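Chemist: Place chain B with the ligands on chain A using the hints.
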Amino acid sequence: MSLPKILTAHTHLPGIETFDVYRKNGGYAAVEKAIKTMTPDEVVEEVKKSGVRGRGGAGFPMGMKWSFLAKPEGVPRYLVCNADESEPGTFKDHWLMKTIPHLLIEGMIVSSYALGANASYIYVRGELMYVVRILEKAIAEAKAAGFLGKNILGSGYDLELYVQPGGGAYICGEETALLESLEGKRGNPRNKPPFPAVKGLYQCPTVVNNVESISTTSWIVNNGGDAYAAIGIGRSTGTKLISASGHLKKPGVYEIPLGLPVQEFIYSDEWCGGIRDGHHLKAVVAGGSSVPILPAAMLLKTAAGEDRLMSYESLADGGFATGTMMGSGGFIAMDETTCIVRNTWNFSRFYHHESCGQCSPCREGTGWMEKVLHRIEHGHGSMHDIDLLVDVAKKIEGNTICPLGDAAAWPIASAIRHFRDEFEWHITNPQEATRPGAVFKGHMELV
Amino acid sequence: MKVTIDNITIEVEPGTTILQAARKIGPEVAPPAMCYYEPLKASGGKCRACLVKVTAGSEKDPRPMPKLVPSCITQVQDGMIVENTVNEQVLETRKGIVEFLLLNHPLDCPICDQAGECHLQDFSFQHGVQQTRYEEERRTFEKQDLGPNIQLHMTRCILCYRCVFTADQITGKRVHGVLNRGDHAEISTYIEKAIDNDFSGNVIDVCPVGALTDKTYRFKNRVWFTKPVDAHCDCEKCSGKVTLWYRGDEVIRVTARKNQWGEVLDFICNTCRFERKNTADWTIEGPTKVARHSVISANKYGANKIVPEFARRLAASQYKDVHEARDTSQLNIKQLPEERFKALIPPAGESAVAGIRSIQNWAEDK
Ligand SMILES: Cc1cc2nc3c(=O)[nH]c(=O)nc-3n(C[C@H](O)[C@H](O)[C@H](O)COP(=O)(O)O)c2cc1C
Ligand code: SF4
Ligand code: SF4
Ligand code: SF4
Ligand code: FES
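Each protein sequence line maps, in turn, to chains A and B.
Heads up: the first sequence is residues 682 to 1128, going by this note's numbering.
Heads up: the second sequence is residues 27 to 392, going by this note's numbering.
Hints in this document: simulated from the structure, not taken from any laboratory.
As the structure is a prediction and not an experimental result, all values here were calculated from the model.
A couple of the hints might just be wrong.
Unchecked claim - Per label pair, the in silico range of CB-to-CB distance:
#1 A/R1116 with B/T166: 32 to 38 Å
#2 B/T166 with A/C885: 51 to 57 Å
#3 B/K315 with A/R1030: 46 to 52 Å
#4 B/Q170 with A/C885: 34 to 40 Å
Think of the CB as a built atom: it goes at the ideal place given N, C-alpha and C, for glycine as much as any other residue.
So that you can see chain A by itself, here it is in the shape it has in the complex:
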């Protein structure tokens, strides 16, 4: 069976980052087709039919988000591309933009046309200045060829595209914090409602979408929403980029058809090629650091004993008791040399560092959990610390302005849920547990 390639069909071609090579391989055909033969609403309709879901983490259907965009008379609308990608374990947008920048630019043009935006923005993670330059070059090339600027392809449609580097804050990937930052303010998430679709950038209706989401739109315009929906499984249509990292033989960015069995993704030579020699899979964080961690066995099979698939529904099967989430597709595999306590502490450091500090549960709770985990990891924990962590995580979850609070709570709650004996071992055997490289060799089921 030939694998569907929507985003990576041409990424192997030398010179694909240039306009000429991209154009020769069918690039910008979607702009021509959309602008010359389709109305904006027809483009929206195709995206709706495709069923493509937001690839930034939440998985909200893109066509539905677009149709919620308010369209009051005389008020500009904006499209903003979220290229802030800072979630630990996720590096697909970075790879896509540097490898084939015109795919994003073309998608931005098609999407802006569909939404009636005349100015659109790409907000790039601050650490990726070289990607900013790559995108700016691509924009200049597209503009020179008449695909951007005034009166695109003689249609009367105008579009300016701007690239804005962020300051390197994870929180600016949260869509409303991103908008604040884009407006030149401190990147604090806004309270919702109002949602960006009603009051977004400069208080105007705005759509925020992920790099990968926007990059799919050219293919959808060229091939039709139905063709896209034919790939994948159930409500998880199309393909997804997975950032595979950790103790895999072949880490990297993969475009998988949604519905691929997890087992196959990890062990098949076509994909990650299995766990590094002589080692066994212990645990996986399947969708970026924010999603619940799962023990290997629980990841490969659902509670009902079925093969787990790489899809939004299957990964979430069993709720948080036995399931996890697709998230942004940051797939981190950990073998038996990994200390779950240390890993959990490490994640908690990240969220403590990145909390914007606006709301009390997240501002204070992330620091608290980090300190308690530090204590346990360094051999000074006590048994009630475990329940304390569970309780603090519970008091943060759902009570904050933005989902960063949840994202900080879930990894900790899930690590304790599934690896409690490992935490207990750290507490009861502090001397052994704090020896360099020491790892709990308890009853964990390795695969």
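Modeler: Frame of chain A, contents of chain B with the ligands only:
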């Protein structure tokens, strides 16, 4: 439109928030607010003290809302049903919020100028638990002077952003904001630039805690030993409507007037606040009406004006015969001899003995 809060239904204008509707019903059902401040646009939504449960979204869509919502920024819908004081989850979460807010808080009330009129004290006292589970070191900051009259003690700040909004909305040119992130975020005037503006002093009044204090009043007195009096003057810069705080015959502090919820009614200028400290500068209107739960009301003018229930409890908690070493918190009010009780209520205009300790006793007995 109709909204029901804790089983009490009330009619409100469209656009009213749950918190405003609850305040309309009365303090018994009004959620606590540590960041929301009605006079300041865009305030609220941050502290999460006011989270409530919406058990029915509206008449049209009676589904409950999945998460607790911040009542200060959530508008009511027709037929909405809200639970505040009657909901376990809300109260449990609120305990958590108190714990979070106190986590890095120094609790140096005995040397804090805000003590007695501190919203964090009230909040933790009413909604918190007595012990902390926090064993780690607290984060601290150096004190900073924001110009000659205002001191910032960042260690006590709860990042409610009220002062930032004040600087933004009242004082015109902003030189005041938040630096850094997370629990290391701090209020600052950029590069310690002094706030130099006629209305900058208002940040002191809006601050719910002792993070921003009046240097001209610093350590002068405890608030419950001072007498608040409403007064006004002809001011060319502001309304001139203030509260004067007296110690004996001396004006030791001038603040804006506040409503029942501790919100400033009219922002005042720095001249009124920091420079007009003689009775001769003012036309006196009379004693300030103080909310009865406040320790300030345990003060000067006629304790007999205080609601009888409170007076009795106060008296009971204070009542202690020097020869008797009994636990007054267990004291039953009915056991008090009538004449002893009367003797504790001073004639109008005279002082009663009161302090933090007695108030807490009173509350424990409650
Ligand atoms: C703390 C936080 C960080 C986020 N970071 C990103 C990010 O780096 N990139 C991204 O596309 N979405 C990120 N999101 C999700 C966005 O808020 C938003 O849902 C997304 O950009 C919408 O695009 P999509 O519908 O195409 O996925 C983040 C969310 C949160 C709460
Ligand atoms: S949850 Fe955390 S990151 Fe999000 S707004 Fe609150 S403090 Fe900021
Ligand atoms: S701010 Fe309030 S709680 Fe904090 S030390 Fe001062 S009086 Fe006490
Ligand atoms: S200094 Fe006071 S008013 Fe300003 S944010 Fe801190 S607590 Fe709020
Ligand atoms: S008062 Fe509502 S969140 Fe602070």
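Chemist: State for each hint whether it applies.
Modeler: Checked hints:
Take A/R1116 and B/T166: their Cβ atoms lie about 34 Å apart, and the range 32 to 38 Å holds. The beta-carbon spacing between B/T166 and A/C885, approximately 43 Å, falls outside the hinted interval of 51 to 57 Å. At about 51 Å, the beta-carbon gap between B/K315 and A/R1030 stays in the expected band of 46 to 52 Å. For B/Q170 paired with A/C885, a C-beta distance near 38 Å keeps the hint of 34 to 40 Å intact.
When held up to the earlier numbered hints, the structure conflicts with hint 2 and nothing else.
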